[in-house]
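Asker: Listed below, chain by chain, are the residues.
Number of protein chains: 2
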Amino acid sequence: MSMEDVVERARRIVRPTRLEERALRRIVEKALSAARREISGVAGALDVSLEGSAAKNTWIRGRAEADIFIHFDPGISREELEKIIVDLGSRIVESLGGEPMIMYADHPYVEGIVNGVTVDVVACYRVEPPNWMSATDRTPYHTRYVLSKLKPDQEDEVRLLKGFMKACGVYGAEIKIEGFSGYLTELLILYYGDFLSAVREISCWKPPIVIDLERYYESEERALEAFPDSPLIVVDPVDRSRNAAAAVSLTRLSELILASRIFLKKPSIRFFKPIDPAPRIKELKGLIRDRSILYVSFKLDSPRPRDVLWGELKRSEQGIRRSLESLGFTVYRSGSWTDERRECLMIFELDGVELPRHHLHKGPPVYLRSADEFLEKWSRAAVGPWIEGDRLYVLRRREETAAHRLLRERVRSGQVSISKGLVEPIKRSRISADARSLLKLASRNDDLRRFLAEFLAARPPFLRK
Amino acid sequence: MSMEDVVERARRIVRPTRLEERALRRIVEKALSAARREISGVAGALDVSLEGSAAKNTWIRGRAEADIFIHFDPGISREELEKIIVDLGSRIVESLGGEPMIMYADHPYVEGIVNGVTVDVVACYRVEPPNWMSATDRTPYHTRYVLSKLKPDQEDEVRLLKGFMKACGVYGAEIKIEGFSGYLTELLILYYGDFLSAVREISCWKPPIVIDLERYYESEERALEAFPDSPLIVVDPVDRSRNAAAAVSLTRLSELILASRIFLKKPSIRFFKPIDPAPRIKELKGLIRDRSILYVSFKLDSPRPRDVLWGELKRSEQGIRRSLESLGFTVYRSGSWTDERRECLMIFELDGVELPRHHLHKGPPVYLRSADEFLEKWSRAAVGPWIEGDRLYVLRRREETAAHRLLRERVRSGQVSISKGLVEPIKRSRISADARSLLKLASRNDDLRRFLAEFLAARPPFLRK
Numbered sequence: 001m002s003m004e005d006v007v008e009r010a011r012r013i014v015r016p017t018r019l020e021e022r023a024l025r026r027i028v029e030k031a032l033s034a035a036r037r038e039i040s041g042v043a044g045a046l047d048v049s050l051e052g053s054a055a056k057n058t059w060i061r062g063r064a065e066a067d068i069f070i071h072f073d074p075g076i077s078r079e080e081l082e083k084i085i086v087d088l089g090s091r092i093v094e095s096l097g098g099e100p101m102i103m104y105a106d107h108p109y110v111e112g113i114v115n116g117v118t119v120d121v122v123a124c125y126r127v128e129p130p131n132w133m134s135a136t137d138r139t140p141y142h143t144r145y146v147l148s149k150l151k152p153d154q155e156d157e158v159r160l161l162k163g164f165m166k167a168c169g170v171y172g173a174e175i176k177i178e179g180f181s182g183y184l185t186e187l188l189i190l191y192y193g194d195f196l197s198a199v200r201e202i203s204c205w206k207p208p209i210v211i212d213l214e215r216y217y218e219s220e221e222r223a224l225e226a227f228p229d230s231p232l233i234v235v236d237p238v239d240r241s242r243n244a245a246a247a248v249s250l251t252r253l254s255e256l257i258l259a260s261r262i263f264l265k266k267p268s269i270r271f272f273k274p275i276d277p278a279p280r281i282k283e284l285k286g287l288i289r290d291r292s293i294l295y296v297s298f299k300l301d302s303p304r305p306r307d308v309l310w311g312e313l314k315r316s317e318q319g320i321r322r323s324l325e326s327l328g329f330t331v332y333r334s335g336s337w338t339d340e341r342r343e344c345l346m347i348f349e350l351d352g353v354e355l356p357r358h359h360l361h362k363g364p365p366v367y368l369r370s371a372d373e374f375l376e377k378w379s380r381a382a383v384g385p386w387i388e389g390d391r392l393y394v395l396r397r398r399e400e401t402a403a404h405r406l407l408r409e410r411v412r413s414g415q416v417s418i419s420k421g422l423v424e425p426i427k428r429s430r431i432s433a434d435a436r437s438l439l440k441l442a443s444r445n446d447d448l449r450r451f452l453a454e455f456l457a458a459r460p461p462f463l464r465k
Numbered sequence: 001m002s003m004e005d006v007v008e009r010a011r012r013i014v015r016p017t018r019l020e021e022r023a024l025r026r027i028v029e030k031a032l033s034a035a036r037r038e039i040s041g042v043a044g045a046l047d048v049s050l051e052g053s054a055a056k057n058t059w060i061r062g063r064a065e066a067d068i069f070i071h072f073d074p075g076i077s078r079e080e081l082e083k084i085i086v087d088l089g090s091r092i093v094e095s096l097g098g099e100p101m102i103m104y105a106d107h108p109y110v111e112g113i114v115n116g117v118t119v120d121v122v123a124c125y126r127v128e129p130p131n132w133m134s135a136t137d138r139t140p141y142h143t144r145y146v147l148s149k150l151k152p153d154q155e156d157e158v159r160l161l162k163g164f165m166k167a168c169g170v171y172g173a174e175i176k177i178e179g180f181s182g183y184l185t186e187l188l189i190l191y192y193g194d195f196l197s198a199v200r201e202i203s204c205w206k207p208p209i210v211i212d213l214e215r216y217y218e219s220e221e222r223a224l225e226a227f228p229d230s231p232l233i234v235v236d237p238v239d240r241s242r243n244a245a246a247a248v249s250l251t252r253l254s255e256l257i258l259a260s261r262i263f264l265k266k267p268s269i270r271f272f273k274p275i276d277p278a279p280r281i282k283e284l285k286g287l288i289r290d291r292s293i294l295y296v297s298f299k300l301d302s303p304r305p306r307d308v309l310w311g312e313l314k315r316s317e318q319g320i321r322r323s324l325e326s327l328g329f330t331v332y333r334s335g336s337w338t339d340e341r342r343e344c345l346m347i348f349e350l351d352g353v354e355l356p357r358h359h360l361h362k363g364p365p366v367y368l369r370s371a372d373e374f375l376e377k378w379s380r381a382a383v384g385p386w387i388e389g390d391r392l393y394v395l396r397r398r399e400e401t402a403a404h405r406l407l408r409e410r411v412r413s414g415q416v417s418i419s420k421g422l423v424e425p426i427k428r429s430r431i432s433a434d435a436r437s438l439l440k441l442a443s444r445n446d447d448l449r450r451f452l453a454e455f456l457a458a459r460p461p462f463l464r465k
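Chains as they are written, first to last, in the numbering used here: chain A, 1 to 465; chain B, 1 to 465.
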């Protein structure tokens, strides 16, 4: 298929239907008037507005969201604001016929599903840049900036880029993904003009990359100095001290670069298709054969905000990874999964699930005084001490060689760096290298099966056959 | 036991008995007169002499050796000399009632056992230093030097040092041992005065060590420059350009340093006792349990001089070791054994006798052109390709993971660095990681059993309990 055909078909995939658009508009209208009604008489609640992709007409099909913002007087304390927004948000969602759920990000907000559309009621302070008081205060400025710059024919270009990123697994600034936010895709279209130009430029990126639409920095060097550890720097047009791409990890960035290159070489509609259905257990069995897989599965006692949980999972995954490495295993890869309620799983692919029974322990050169201590200490070593070159050596015998038991012992004795909120759940976790028990876990959960299939195949979506 | 008592008892161990001394003297007399008789009329054979420990009265009990040297005119070609010495030596040994064996070192010599005494008939050229024509030409000068310097009461001090070194496993300059020659021990006693002083000094050595009895070099630095890679430099008093300790490896030197320190701390007669008897198979079974041992056993078609064979074995052992390392194994230790006739064995202790089924293969960063080639090449990888950071990775699957089969294949295809003289025998060798078959081999040979016990215990004699 030619590139033109592919992009034309992709456009039809990402563009909302008339029906969907009308449904969203209707709900937005209702939500805004409900919000206006509810804030009247609430001290400090100044105004309401629509933000996000609905406001900018850049949402992609099937992902319609109404982000209703309530603007507060800066005189209101954070504590009061949090109390008021939970109360206001709940009443607004209820008045629309939805069931309010309290969600937690930087500060709480209220979510409800109304006729298939996600309605979020979010608080922000009405402040002038750069006097931000909370993380959501920039959002109205973001909306205003994009609306003032984005030409109507660029809306679908944003949608194409979002759809491409989504199918490639790099869309989403949340900690789970560490990828590209909606706002960031809009800035990229503003900068490069259209989807194909953006993809062409991205395919040639070599990190670190600097994009400074408003030329706040006099040179790339200055911007790099301001954001020293970011592989991708997109200076926020509404806040010169903020990198709008701060959430993007080097891995996600690299995936996008590679995906762009492959797409340009061989355009295909699969770069816009949603991911595969959950695989069957039989397929997983084939994938896991001969692999050295260790897993840690556990249940949470208490729910927590998604981003908090994902942060804890990722940090703890790294802690366990380091612990396994220090035990003597090589960890090829690792991953985390959660249903974002109670069930959690961390998974590690190792060079083997057993350590060698003996390992080399190198001593000092014979002519150092410490050689005598070494001899004393290791006089009952399993093998040795012997001398090679000028040094002493012994082989130490391990009583325990199984990865899952070694890790369990380290977890039990508190030697593994685990996020505070997961210490207790992981102490009670199942740590195992048994593929059968893992597949049994997965048999009960489609999403876990999908995660496992992706982990075991170890190919980003755009490299799958 | 006090140091005095230990040394006194050691003296009795190392000093030859009256009987042994008389037997040696008698054989020396006979051998010398036989030699004188035989050379008369042989063109170019100028003189005969007694050399070695018998001449210097420094041999240790049970190791009586008569080194009969035939001095040749430098006008005689090397080829002629070799022919003549084989002929002369054989007749001399026969006339003493021994059975002549032709031995090979730098040039051939003839050996025979007569009444329990080893008689060696060796050729040398009569030349003035430093116009050496063959490796044995220095020997008469060594004898003369030691005789002119060594006081009679130092003879037993040499014997003590030899006995100590022998029991510690560091005595012998041959390639098998890479240790201390008899001449070297004599030089050490000349330098330090007596056995205890020598051991005290040695216990404080920190290589590199320089000993220059005749002060041929103006400073230690100059001597170090002249012999840059030697951990121990003992400038030969009869040849300033020769290191009399060139054969000593860093390992043997370090063992002697450590043995000296331990002996001084806790004097014991076991530092002069010969090594243990051959262990029984049952003990070997206990030692080998749980270990990852690979062995290569083979038979030679053709005999060869000891030093040649040991050189080939040690170089090939290192070649196989490097090959195993490059395959992905960790080689903790290795060793070689031979009965010095046909049977040979090389043995390797590994971290495991199986490689992991999968191994990590790191690709280029995504932004390099070579990333495309990597993707092409590894599109059918067992696991991946995936991206971490800015790089591509795959896991490669190994079809073969067993050390012995992997090594066999490498040997077969000529990828292992093996001494030329062992290539064919090793191609036909048994390469195995099966302990039972190894023990079966050892059950037929005391010396191999002893070697295996020492290899598996991996302690030098002076560290054994």
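Please keep in mind that the hints were generated in silico from the structure rather than gathered at the bench. Please note that the accuracy of each hint is not assured.
[To be verified] Some chain B residues judged to face chain A by a derived CB distance under 8 Å, without partners named: (1) Trp-205; (2) Pro-208; (3) Leu-395; (4) Glu-399; (5) Arg-428; (6) Leu-463.
It should be emphasised that the depicted structure is a prediction, and the values quoted were computed from it without experimental measurement. The C-beta atom is built at its ideal place from N, Cα and C for all residues, glycine as well.
Asker: Take the hints in turn and mark each one as holding or not.
Answerer: Do the hints match the structure? See the list:
no. : hint    : in the structure
1   : Trp-205 : 7 Å, holds
2   : Pro-208 : 11 Å, violated
3   : Leu-395 : 6 Å, holds
4   : Glu-399 : 11 Å, violated
5   : Arg-428 : 30 Å, violated
6   : Leu-463 : 6 Å, holds
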